[in-house]
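Please build the complex by placing chains B, C and D with the ligands on the supplied structure of chain A, with the hints as guidance.
Read off the chains here:
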Amino acid sequence: MMNSPHEYDDIPGTYVFDGSHNRLGYHLNMFCKSLDVAANRDAFRSGEAAYLDHYPLTPEQRRAILERQWLEMLRLGGNIYYTFKLAIFDGLTMQHAGAAMSGNGMTTEEFQQMMLAGGRSITGNRSRRETPRG
Amino acid sequence: MMNSPHEYDDIPGTYVFDGSHNRLGYHLNMFCKSLDVAANRDAFRSGEAAYLDHYPLTPEQRRAILERQWLEMLRLGGNIYYTFKLAIFDGLTMQHAGAAMSGNGMTTEEFQQMMLAGGRSITGNRSRRETPRG
Amino acid sequence: MARLIGGIGTSHVPAIGAAIDRGKTQEPYWKPLFDGVRPVRDWIEQVRPDVCIVIYNDHASRFDLSVIPTFAIGVGAEFAPHDEGYGPRPVPPVVGDPALAWHLTESLILDGFDMTIVSDLTVDHGLTVPLSLVYGQPQAWPCRVIPLCVNVIQYPPPTGERCYRLGQALRRAIESYAPDVTVAVFGTGGMSHQLQGERAGLINREYDLRWLEGFVHAPEELLKIGHAEYLRETGSEGIELVMWLIMRGAMDPKVREIHRFYHVPVSNTAYGMVILEND
Amino acid sequence: MARLIGGIGTSHVPAIGAAIDRGKTQEPYWKPLFDGVRPVRDWIEQVRPDVCIVIYNDHASRFDLSVIPTFAIGVGAEFAPHDEGYGPRPVPPVVGDPALAWHLTESLILDGFDMTIVSDLTVDHGLTVPLSLVYGQPQAWPCRVIPLCVNVIQYPPPTGERCYRLGQALRRAIESYAPDVTVAVFGTGGMSHQLQGERAGLINREYDLRWLEGFVHAPEELLKIGHAEYLRETGSEGIELVMWLIMRGAMDPKVREIHRFYHVPVSNTAYGMVILEND
Ligand SMILES: [Fe+3]
Ligand SMILES: [Fe+3]
Numbered sequence: 001m002m003n004s005p006h007e008y009d010d011i012p013g014t015y016v017f018d019g020s021h022n023r024l025g026y027h028l029n030m031f032c033k034s035l036d037v038a039a040n041r042d043a044f045r046s047g048e049a050a051y052l053d054h055y056p057l058t059p060e061q062r063r064a065i066l067e068r069q070w071l072e073m074l075r076l077g078g079n080i081y082y083t084f085k086l087a088i089f090d091g092l093t094m095q096h097a098g099a100a101m102s103g104n105g106m107t108t109e110e111f112q113q114m115m116l117a118g119g120r121s122i123t124g125n126r127s128r129r130e131t132p133r134g
Numbered sequence: 001m002m003n004s005p006h007e008y009d010d011i012p013g014t015y016v017f018d019g020s021h022n023r024l025g026y027h028l029n030m031f032c033k034s035l036d037v038a039a040n041r042d043a044f045r046s047g048e049a050a051y052l053d054h055y056p057l058t059p060e061q062r063r064a065i066l067e068r069q070w071l072e073m074l075r076l077g078g079n080i081y082y083t084f085k086l087a088i089f090d091g092l093t094m095q096h097a098g099a100a101m102s103g104n105g106m107t108t109e110e111f112q113q114m115m116l117a118g119g120r121s122i123t124g125n126r127s128r129r130e131t132p133r134g
Numbered sequence: 001m002a003r004l005i006g007g008i009g010t011s012h013v014p015a016i017g018a019a020i021d022r023g024k025t026q027e028p029y030w031k032p033l034f035d036g037v038r039p040v041r042d043w044i045e046q047v048r049p050d051v052c053i054v055i056y057n058d059h060a061s062r063f064d065l066s067v068i069p070t071f072a073i074g075v076g077a078e079f080a081p082h083d084e085g086y087g088p089r090p091v092p093p094v095v096g097d098p099a100l101a102w103h104l105t106e107s108l109i110l111d112g113f114d115m116t117i118v119s120d121l122t123v124d125h126g127l128t129v130p131l132s133l134v135y136g137q138p139q140a141w142p143c144r145v146i147p148l149c150v151n152v153i154q155y156p157p158p159t160g161e162r163c164y165r166l167g168q169a170l171r172r173a174i175e176s177y178a179p180d181v182t183v184a185v186f187g188t189g190g191m192s193h194q195l196q197g198e199r200a201g202l203i204n205r206e207y208d209l210r211w212l213e214g215f216v217h218a219p220e221e222l223l224k225i226g227h228a229e230y231l232r233e234t235g236s237e238g239i240e241l242v243m244w245l246i247m248r249g250a251m252d253p254k255v256r257e258i259h260r261f262y263h264v265p266v267s268n269t270a271y272g273m274v275i276l277e278n279d
Numbered sequence: 001m002a003r004l005i006g007g008i009g010t011s012h013v014p015a016i017g018a019a020i021d022r023g024k025t026q027e028p029y030w031k032p033l034f035d036g037v038r039p040v041r042d043w044i045e046q047v048r049p050d051v052c053i054v055i056y057n058d059h060a061s062r063f064d065l066s067v068i069p070t071f072a073i074g075v076g077a078e079f080a081p082h083d084e085g086y087g088p089r090p091v092p093p094v095v096g097d098p099a100l101a102w103h104l105t106e107s108l109i110l111d112g113f114d115m116t117i118v119s120d121l122t123v124d125h126g127l128t129v130p131l132s133l134v135y136g137q138p139q140a141w142p143c144r145v146i147p148l149c150v151n152v153i154q155y156p157p158p159t160g161e162r163c164y165r166l167g168q169a170l171r172r173a174i175e176s177y178a179p180d181v182t183v184a185v186f187g188t189g190g191m192s193h194q195l196q197g198e199r200a201g202l203i204n205r206e207y208d209l210r211w212l213e214g215f216v217h218a219p220e221e222l223l224k225i226g227h228a229e230y231l232r233e234t235g236s237e238g239i240e241l242v243m244w245l246i247m248r249g250a251m252d253p254k255v256r257e258i259h260r261f262y263h264v265p266v267s268n269t270a271y272g273m274v275i276l277e278n279d
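Residue numbers (my numbering), protein chains in the order written: chain A, 1 to 134; chain B, 1 to 134; chain C, 1 to 279; chain D, 1 to 279.
Looking at chain A on its own, in the form it has when it is part of the complex (with noise of 0.2 Å):
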């Protein structure tokens, strides 16, 4: 997939959905919206896999749905409006999808904490050049 340089490149722990990933997650992002249709919900609840045939995943995608790996969909082209729709679909709220996205063992209650004491902070967190991370 090419992708010409961005500015926000250097963005730690941020997933851009510019035009490479609208590509890399079209179907999957298009699974994700399906589930808008009630009945689309109760065809997805009686036979996951059955459900994902109808959409030409790659094998990577079809896992991270399955397993609700919230972190890899982005990985693999998800925007998080669409794959917060699997998240609803599974009665999640937004701040259990965002400490598991926190990809550090962050409990929901935890991440409830964080946000109740001013969020996560931007110091550390502006590039991937100040942060430990890299």
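Derived by calculation from the structure, the hints in this document are not laboratory data.
Incorrect hints may have been included.
Claimed, not checked - Computed beta-carbon distance windows for the label pairs:
id: 1; chain 1: D; residue 1: A228; chain 2: C; residue 2: A80; range: 50 to 58 Å
id: 2; chain 1: B; residue 1: S46; chain 2: C; residue 2: V47; range: 54 to 62 Å
id: 3; chain 1: C; residue 1: E175; chain 2: D; residue 2: A228; range: 48 to 56 Å
id: 4; chain 1: A; residue 1: G118; chain 2: C; residue 2: V47; range: 28 to 36 Å
id: 5; chain 1: C; residue 1: E220; chain 2: B; residue 2: D9; range: 38 to 46 Å
Note that the Cβ used here is the ideal one computed from N, Cα and C, for glycine as well.
Just chains B, C and D with the ligands now, with coordinates in the frame of chain A:
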């Protein structure tokens, strides 16, 4: 239907598909658009009046459609690219429709001859102010 | 002649809608927010606009990846609340103003803005939460509404500069409408927040407060902020702030600030509100 | 670096497609037209662009009244011919160039053009007839194609001036693409014609010829022509000419004219073609 005056209002024999026409003819045009689908064409063919019941048309629009009043459809908000779908359904050409809309009893052959001779002249057709038709 | 009587900037967090719908506004988590936005209820009661133009973004609700308009305007007669997975919000249908919406559309396109004209539009929390914040829970919304929907989900959104210019054109369009109606413009979305990735939960209070100050008193200075700065400083979803700049462009360069309020957190988001009148 | 190697202006009358598909190009009605456009076949054979950006309008095919984009760009990998009521035209599928299309989209939006991004697009005669005119009946189109679809059916279309500015931005976008591809731009539609109403069949040869002359040698002078003049002088469908101005804006102000041809009638339409290279 509120319509602020436009510079094009004085062009004779011309139905500019602006916002007012769009609002007036929305369902008429969307009925025509439905004929893009083969199954809909079959349904319309097997019962035109019943098919039209699915669209919130005015009595005038219904009549114009059922009686194939091509000019009247434009007056009632039709757009030529939509109404021509009904003409295609009827197996008609753009020359047939052109002759029918001329509103002066012109035949399809006369319309074709006019085109071969260089088309309808702009002279006398620029403005209602200059046409005898007024 | 139509007249612009004011502008509201407000975040449109879905949880705010849920709190109103479920009667939780006086609970400890919510009380500071609803106390802080109380002045907007008084203000709207006083100015009572005939029409609200609500600038918002669709969150993969009406539009999906098949067709993504940069600027879409709703010219329909009614806009039903979209089912975002919990059933549609229990709010009144949103009544449009097709005559004014088509006038704006025509004026904006001839003025060099490449609008997508939408007749068939459902509206999500981006539009209905601001209405609930401002009007509470009426039987019917007391104003007609024109939705102006902006892409901020697919990179690239329109630039802040382009949004501000659209606001200026919107002002010209409003003021060239003959009927004697009063209009308010809502700019919605923001403030800093990031829903996705390892940075999820990011809040940048200092940047938000500085931006709000510039927004009110020196908006032209905000126009040079590029997308990379918004993404970096306000989070991947904080870039919704460009929508506020459409409202600001519609207002006079110098404005009277009726109210300003900032609060963290609302769900995963920093909440901001301003109310502006032309001076 | 990508390079713009030329521009083609051509009408896109559906009957031309039907004449090619049915092998009628040497019949007396059609021979003068196909003789007149012959040079475009030689020219394209010589310059062989890797990518053609085809500016056209959708005729109530892919889009209906529910959503009407002013400027839409096709970023998909393939675009199937649309069934316009006779079954899809028997032409090869149109293969896109998603990488370049996304680059153009990003560049245009950041440059202040409010594109609608379309991934799921079928293409009608507005796009396929020009391809047939230029390439004949190959097994596969010998170029990738990026559809740039302009609203000219719903009043108001974008102005001629806005279209020309879009063309200039398109040029900047092409030339900022790193890969070494050659690009041609097609401006399609026109010339004078009116399909509807009592004026159906209108042709304005004198205006068309004067406009073509200005188009080649003094395009900026055409930019002040308003919609009312196009509608009045070139007919309600002649307003498609604004799409040619996007192509012209992409070319240099001074160009070399390779070919010019004008013919009446093709179906209910005046046919025009120009081929331009940068000087
Ligand atoms: Fe939002
Ligand atoms: Fe056309």
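**Request:** Sort out which numbered hints this structure fails and list those numbers smallest first.
**Result:** 1, 3
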